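S.K.: Below, each chain spelled out in residue letters.
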Amino acid sequence: MYKILSKRTLGPEIREYVIEASEVARVAKAGQFIVLRLHEKGERIPLTIVATDPAVGAVTLVVQEVGKSTREMGDSFQAGDSILDFVGPLGVPSEIERYGTVVCIGGGLGIAPVYPITRDLKAIGNTVIGIIGARSKDLLFYVDRMGDVCDELHVMTDDGSAGRKGFVSDPLREILSSGRKIARVWAIGPAIMMKVCSEVTRGFGVPTIVSLNSVMIDGTGMCGGCRVELGEETKFACVDGPEFDGHKVNFDLLMARQGFYAEQERCALERYLATQHQVEER
Amino acid sequence: MSREKQTPMRQQDPEVRIRNFDEVPLGYTEEEAVGEAVRCLQCKNAPCIEGCPVAIDIPRFIDHIANRRFAKAIAAIKEANSLPAVCGRVCPQETQCQGVCTLGKRFEPVGIGRLERFCADWEAEHEACCPSVQDDTGHRVGVIGAGPAGLTAAGELRKMGHAVTVFELLHVAGGVLMYGIPEFRLPKDIVQREIDALCQMGVKIEVNKVVGRITTVDELLGGDFDAVFVGTGAGLPHFLRVPGESLNAVYSANEFLTRTNLMRAFRFPEYDTPIRVGRRVVTVGGGNVAMDSARTALRLGAEESIIVYRRSEEELPARAEEVEHAKEEGIQFHLLTNPVRFLGEDGYLKAVECIRMELGDPDESGRRRPIPIDGSEFTMEIDTAVIAIGNGPHPLVPRTTKGLKLDRRGNISADLETGQTSKEGVFAGGDIVTGAATVIEAMGAGKRAAATIDRYVRRK
Numbered sequence: 001m002y003k004i005l006s007k008r009t010l011g012p013e014i015r016e017y018v019i020e021a022s023e024v025a026r027v028a029k030a031g032q033f034i035v036l037r038l039h040e041k042g043e044r045i046p047l048t049i050v051a052t053d054p055a056v057g058a059v060t061l062v063v064q065e066v067g068k069s070t071r072e073m074g075d076s077f078q079a080g081d082s083i084l085d086f087v088g089p090l091g092v093p094s095e096i097e098r099y100g101t102v103v104c105i106g107g108g109l110g111i112a113p114v115y116p117i118t119r120d121l122k123a124i125g126n127t128v129i130g131i132i133g134a135r136s137k138d139l140l141f142y143v144d145r146m147g148d149v150c151d152e153l154h155v156m157t158d159d160g161s162a163g164r165k166g167f168v169s170d171p172l173r174e175i176l177s178s179g180r181k182i183a184r185v186w187a188i189g190p191a192i193m194m195k196v197c198s199e200v201t202r203g204f205g206v207p208t209i210v211s212l213n214s215v216m217i218d219g220t221g222m223c224g225g226c227r228v229e230l231g232e233e234t235k236f237a238c239v240d241g242p243e244f245d246g247h248k249v250n251f252d253l254l255m256a257r258q259g260f261y262a263e264q265e266r267c268a269l270e271r272y273l274a275t276q277h278q279v280e281e282r
Numbered sequence: 283m284s285r286e287k288q289t290p291m292r293q294q295d296p297e298v299r300i301r302n303f304d305e306v307p308l309g310y311t312e313e314e315a316v317g318e319a320v321r322c323l324q325c326k327n328a329p330c331i332e333g334c335p336v337a338i339d340i341p342r343f344i345d346h347i348a349n350r351r352f353a354k355a356i357a358a359i360k361e362a363n364s365l366p367a368v369c370g371r372v373c374p375q376e377t378q379c380q381g382v383c384t385l386g387k388r389f390e391p392v393g394i395g396r397l398e399r400f401c402a403d404w405e406a407e408h409e410a411c412c413p414s415v416q417d418d419t420g421h422r423v424g425v426i427g428a429g430p431a432g433l434t435a436a437g438e439l440r441k442m443g444h445a446v447t448v449f450e451l452l453h454v455a456g457g458v459l460m461y462g463i464p465e466f467r468l469p470k471d472i473v474q475r476e477i478d479a480l481c482q483m484g485v486k487i488e489v490n491k492v493v494g495r496i497t498t499v500d501e502l503l504g505g506d507f508d509a510v511f512v513g514t515g516a517g518l519p520h521f522l523r524v525p526g527e528s529l530n531a532v533y534s535a536n537e538f539l540t541r542t543n544l545m546r547a548f549r550f551p552e553y554d555t556p557i558r559v560g561r562r563v564v565t566v567g568g569g570n571v572a573m574d575s576a577r578t579a580l581r582l583g584a585e586e587s588i589i590v591y592r593r594s595e596e597e598l599p600a601r602a603e604e605v606e607h608a609k610e611e612g613i614q615f616h617l618l619t620n621p622v623r624f625l626g627e628d629g630y631l632k633a634v635e636c637i638r639m640e641l642g643d644p645d646e647s648g649r650r651r652p653i654p655i656d657g658s659e660f661t662m663e664i665d666t667a668v669i670a671i672g673n674g675p676h677p678l679v680p681r682t683t684k685g686l687k688l689d690r691r692g693n694i695s696a697d698l699e700t701g702q703t704s705k706e707g708v709f710a711g712g713d714i715v716t717g718a719a720t721v722i723e724a725m726g727a728g729k730r731a732a733a734t735i736d737r738y739v740r741r742k
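If you read the protein sequences in the order shown, they are chains A and B.
So the first sequence is residues 1 to 282, counted in our numbering.
So the second sequence is residues 283 to 742, counted in our numbering.
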């Protein structure tokens, strides 16, 4: 069992959990993920590691409540409670090196996984330009945290309720067009955002790393559910990734595969909400 | 009782069982078991022992059954085999013990597998026989992977008095016995019972520990452990490498079976993990995993479940009983057929194009090589495809262990008799060495490696 040390709300249906998992905290690196399972009937949920505190033995995660399981986690799992299974670190760590000037982009929930990469790139001596964005102000989080580890931070919202109005790809395009020498770009967020950012950087020939959150079960190379196509090659996001060259990823396939269980997910969520409603009425 | 024929085992009616996940064969009663046991000729040379990868003293345990000494029968089995309830159900007896049975030269061989299963089930209902454990030696052995090879090695080493810790990456121990083999062939509570028995002997199992990520073989050897046994299996699914294989609804057998068995997707939405089957399912392959997948698809609600296999019936690598059960359940067999590509719309599978095959000269496996017949392509509309053409080595330990010699397929190079690898203190066995094989062969390798490890740690 893995104890939830603290829990706080970052936005509507976005929560940050700090979970006691000392061995994972000791060895995990930026870019890696864990898989957790809430209870005996639970599914295995892959989540990117946001931060670790080896001294306390804690791992920080950010969860967006998009389906039944994440919703249940938000509703029923409080600080002091425990979750049944927690395994990691999984995946290959980010290649943190001194590149020069890098751009780190986090879109929506992607702000969470891009944060540790940004922090480590800065710590090793890169000049780091951060770009974060969300649909609106209330969905933005970690603005200060990102500000602390970036030399320059661009904040974007689709509706202009915070920062500039527009998409994260807008400042990216401007930076590249301005002729600044950018050695490498990390872009993490919804598949469509990663696709657009990769298309922008392709024209400038700037290496671009994306982190793929395909559907997976075990997270260790066994189910093959997370397979992604990179040009002619098929790779497993869990053991070969989750980071890949954004210029090679077949994003359309990724998006189709991410949607495969949409109907089941909707049905599970509705059933869950109905039972929750009954509980409240009683 | 007849000398010619095996005592039949009662089983669930096909019409009924394709609608549930309960076990198909129902087991022998005491009377049936005794009746089958007296068929044994008690040959002095006992070829059956030679035919058993873990060398169970088969005539002895059968003699105990014939004389109704059931507790002694299970004790005799457990001297050699720590997972009898599993082996009695999933071993390919027809090519092992029963394949060389003297009675089998004239009549049907003794139903050794069925009798083994009877003993294990009898034990579960009566007193448990806990094998004796020798005094602690002070040596510590790490075992990576809680599948058949690892659990067997762990059990043997523990009996010898060593402290054993098993590291398992999934959230339960059992490996393929839990995630791969379906409930209707090997009920999970039976596997759990065998694992609990190992834990009672003092084997420590740590689940959710991915060696190769949270720690490495080198760290284990540099830390608490005097030796390490690697039994990480063949977990990496092979795909056909044909166009359209990444379409939605094309599953690896590993994923299809893991969702169903380990995650219990057949009880979605009570359990959270979903699975999608649709009406017409094609499973590609001819082994036990293919039979398991095709039969699982039926139970998940498919109207038609079709096996597509590139060779002929004679070459089907599955156990005879599995093929028979599949046929009884109405699984269709498209033999001498191979998929050429998968066709889809908007990322979703719609059809599979196949080509007919004929058999040519034998290939390196000794089986006749399938050759495509030009112009024989045809298309089947399907909702789901399951690729069950085998697995490669699980990659994490080979990728992260320094100085571990691998073969050209990426399996760990290890002596098949001793389990010794190219690295001192590291032993390996089971599918991670041989490539995908059977539960019992992996168990045999685990047992042989345990004997070597025992000598190694005592000398050290």
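A couple of the hints might just be wrong.
DEER-style ranges, computed between Cβ atoms [stated by the list, open to error]:
1. Leu308/B <-> Ala274/A: 33 to 41 Å
2. Glu488/B <-> Ile192/A: 35 to 43 Å
3. Glu13/A <-> Glu552/B: 19 to 27 Å
No lab work stands behind these hints, which were simulated from the structure alone.
All values reported here derive from a predicted model rather than from experimental measurement.
Backbone N, C-alpha and C define an ideal beta-carbon position, used for all residues, glycine too.
S.K.: Has the hinted range 19 to 27 Å been met by the Cβ atoms of Glu13/A and Glu552/B?
M.R.: 24 Å, holds
S.K.: Quick check on a hinted range of 35 to 43 Å for Glu488/B and Ile192/A, using CB atoms only.
M.R.: 40 Å, holds
S.K.: Given a hinted range of 33 to 41 Å, is it respected by the beta-carbon distance of Leu308/B and Ala274/A?
M.R.: This hint holds: roughly 39 Å between Cβ atoms.
The structure fails none of the hints (numbered hints given earlier).
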